[in-house]
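All chains should be built: construct the whole structure from the sequences, respecting the hints.
Sequence order for the protein chains is H and D.
Each residue of the first sequence is one higher than the last, beginning at 290 in the numbering used here.
Each residue of the second sequence is one higher than the last, beginning at 444 in the numbering used here.
Check before you lean on any hint, since a few could be wrong.
[Unchecked claim] Covered stretches of chain H (chain D as the covering partner; in silico rule of three or more C-beta atoms under 8 Å from a C-beta of chain D):
hint, stretch
1, 307-318
2, 970-980
[Stated by the list, open to error] Here are the computed distance ranges between Cβ atoms for each label pair:
hint, chain 1, residue 1, chain 2, residue 2, range
3, D, T557, H, V449, 57 to 65 Å
4, D, D523, H, K732, 52 to 60 Å
5, D, A497, H, L964, 41 to 49 Å
In case anyone wonders, no lab produced these hints; they're calculated from the structure.
Every residue, glycine too, gets a C-beta built ideally from N, C-alpha and C.
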Amino acid sequence: MKPRNLLIGSPMERVEDFRFLRGDGRFVADVNLEGQLHAVIARSAVAHGRIRAIHTGDARAMAGVRAVITARDLGRPVPVIPLRLQPLAELAPFRQPMLAHGKVRFVGEPLAVIVADSPQIAEDALDRIGADIEPLPAIVDREHAEAGETVLFEDHGSNVAIRWTAVRGDAGRAFANAQYVRKETFRIQRHAALFLEPRGFVAQWDGRARKLTLWGAAKVAFANRKILAAAMGLAEQQIEMIEVDVGGGFGSRGEFYPEDFLIPFAARLLNRPVKWIEDRREHLMTANHARETECEIEIAATGDGRILGLRGRSWSDNGAYIRTNGSVAPRNVAQFMSGPYHIENIALSTTQLITNKTPAGTYRGPGRFEADFVRERLIDLMAKDLGLDRVEIRRRNLVRENQMPYPLATITPYESATELDGGDYRQLLDRCLEDFGWAEKVKLDGRLIDGRYHGIAIGCFIEGGGAGPSEDARIVLESDGTYSVYVGSAAVGQGIETIMAQIAGDALEAPFDRIRVRHGSTGDVAQGHGSYHSRATVMGGSAIVLAAEKLRDKLREVAARALGCEPGEVTLDSGTAKGPAGKSLALSELSEAPVEAEATYRGDKHTYAYGSLAAHVAVDVKTGHVEVIDVASIKDVGRIINPATLHGQAVGAIVQGLGGALLEHLVYDGDGQLLTGTLADYMVPSAGCFPVIRSTVVELIPSPNNPLGAKGGGEGEIIPVGGVIANAVAAALADFGVEPMELPLSPPRIWALIG
Amino acid sequence: MRIKLKVNGKTVEAEVAPRISLADFLRDTLRLTGTHLGCEHGVCGACTVIVDGAAVRACLMLAVQAHGEQIVTVEGLSNDDALSPLQACFRKHHALQCGFCTPGMITTAHALLTEEPDADADRVREVLSGNICRCTGYIPIIEAVLEARAHYADQDAPP
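Structure follows, in structure tokens:
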């Protein structure tokens, strides 16, 4: 592919916007089928208990109630949600059943499905379900989880699910000989992706054709179809998953939840379309939580600040069950603790603990946000201890270009080797300092101005992207001369219809307005792996490049026959095939039938976008409020498809990260009750919170790992935010000796730190 | 109960149960699905509609309370085939990603600029702080609304 073309690299306005701005988007709640019934889910109000009985008679007797489904109705064994990623046998005991039976293990766990003629009747019936549950002590912290006096899974006998280890070099020797060693304990609070559109499904069973259609697919429709087919005893080909507009994902939406099975199950049972839309309380109680981790980590260095090693243990509070991607963050905490730095000796582990809370899963920058908080805090502490400049110490330790590709620590038991794919990490650190105005701002550090203490900090990060194994694309030249581009990547709000059309337009040398992109649904391509791990542009985009090459070869063959020449003599030019001796014809006239080509792009080498982020805060010690005065970031993604949408990803990620650093917290009491079940209690950033975010994305060094040279870029800037903000607060409150070791830095926490 | 109201300039008469919210009435009865439900407890702002000129949470108002009122939804702020100046500013500034909060942002901003076409950045931030966007970080939304002010200053109440 040509290094630069017309569409790639252009900040094109999005094709999606027209419908969204006019209220014409079609989200799953907007899908309505003739004769549809409505489902609600009865959920456990008890965090841990033995189910004595679930009384459904009163609900069933209500007019308009069509069914009340409990685990008993699902057959034996009750189907469970399998692990999509890291599907290890030792994690199998912790899989979540589609409906609770025997025990309940978190508040919000589904007990029954009520299906009725209207959502109002179904909700009224909810009050008539009687759940007789014998309460057991709730496990809500590491201490009690590890002690194991009460266990969630008696057959397993312990609340420890698994321990991940990341190893490189010889940490024992490095620490024994190091001039400098420091060990600290850090805590990252439970918070969540909180996409704005509630989850939902509309399921339709066609009894005659024995075919199931499910609207509401997102992220990984093909993987979920496979899970659903197995749970329902159907072949994958009997199920069509349809992705309509999706109101945000951030890792959490689109993973397989119990409702992904329960709603289709109800539709088949009743032979009627069934619709279910989650409410916000359900969302906060049941969609994947994330991030809750405690880390006891030690750093070793030379006296002049060269980092020699990292070692220690982390504990991730996984909640009650291990869901589809529950191990991603814990393993990442271990493997990505070294981040963009050259650290030869690593011995880290993460223990995944089972507790009576909502199960955890991935949220943008999974494990990396947590690890960066720990590492960047340790680096600033070390700089202070050694009397070294905190910028210089980072510059000295960043992985250098001549060390690329740079292998990261090896993770076990589910081994997957990965290496940093390239980049000039130090250049971006320097550019970030310049963009931020570090040399001037550093004079404010620790100063009291108008009643507030000012502080600045900077951190460096890497972002994993481009997860394999493959992606499919299919391109059809329609008889009207337009191209339909089908891709296995999914839209989660990131604008892939625009981005993929830019890639396809350049690959086909066709104008933007002749390209229509369809994505995410299982009928479009043979196989699709969806959108996670910043993979859509890298993998889906590369598949489009391959499919376009194949299509152009085909078109040359067809044109050669029509023009009476050899395919090699045909050149394709925006809409026209040209042969020798000035003969040409329009591509739309080539063939009566549409011409199409399908291609699979395979690649399992990850991309690593990288960069730096700096922040300036002012802390009011009276109110405890941390104001973020300025943030500047820079990141290299190798190749930019659409600078405007990419900039949007960067700014959005930073603000989400600020939410995690300062505001967002899913709080449980000692009985395992979630205390933050509304958006009035769970604080997310609003328009007034963070008015100045300056973000730059560059294309400095292309990734060698895909034909576009692109690196996944949807997550990166969230990753450093917790560490940088905590370091800036430490810098601001240096006079008080404040060293934050726990997030979020909410007003009460600031007060406690000042003492 | 029987209600009669104007929605996007058209008179609507309907029989509704007292418990039905204005949002559910707009979405389920009139099929105006541009009004989105993000929390149903009045915090996220995705369901904002304009009731007699004021931005109102349609999830916190009962349909029967809308009897006799004039309601404008995001659909009522859209021209047939082109974006309104406010919508065009949103697109130009990439002030949306997933698009779910967008109708509430458009209705809220429209109500604000109709009343206060000279609202400054702080005022825009203050008013829009009642609408949650999880994708954009708000900065492009504020930029879009600020740029759209010129179109409201020029005329009385553009669509």
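Where does the structure disagree with the numbered hints, that is, which hint numbers, in rising order? Of the numbered hints given earlier, the structure breaks just one, which is hint 5.
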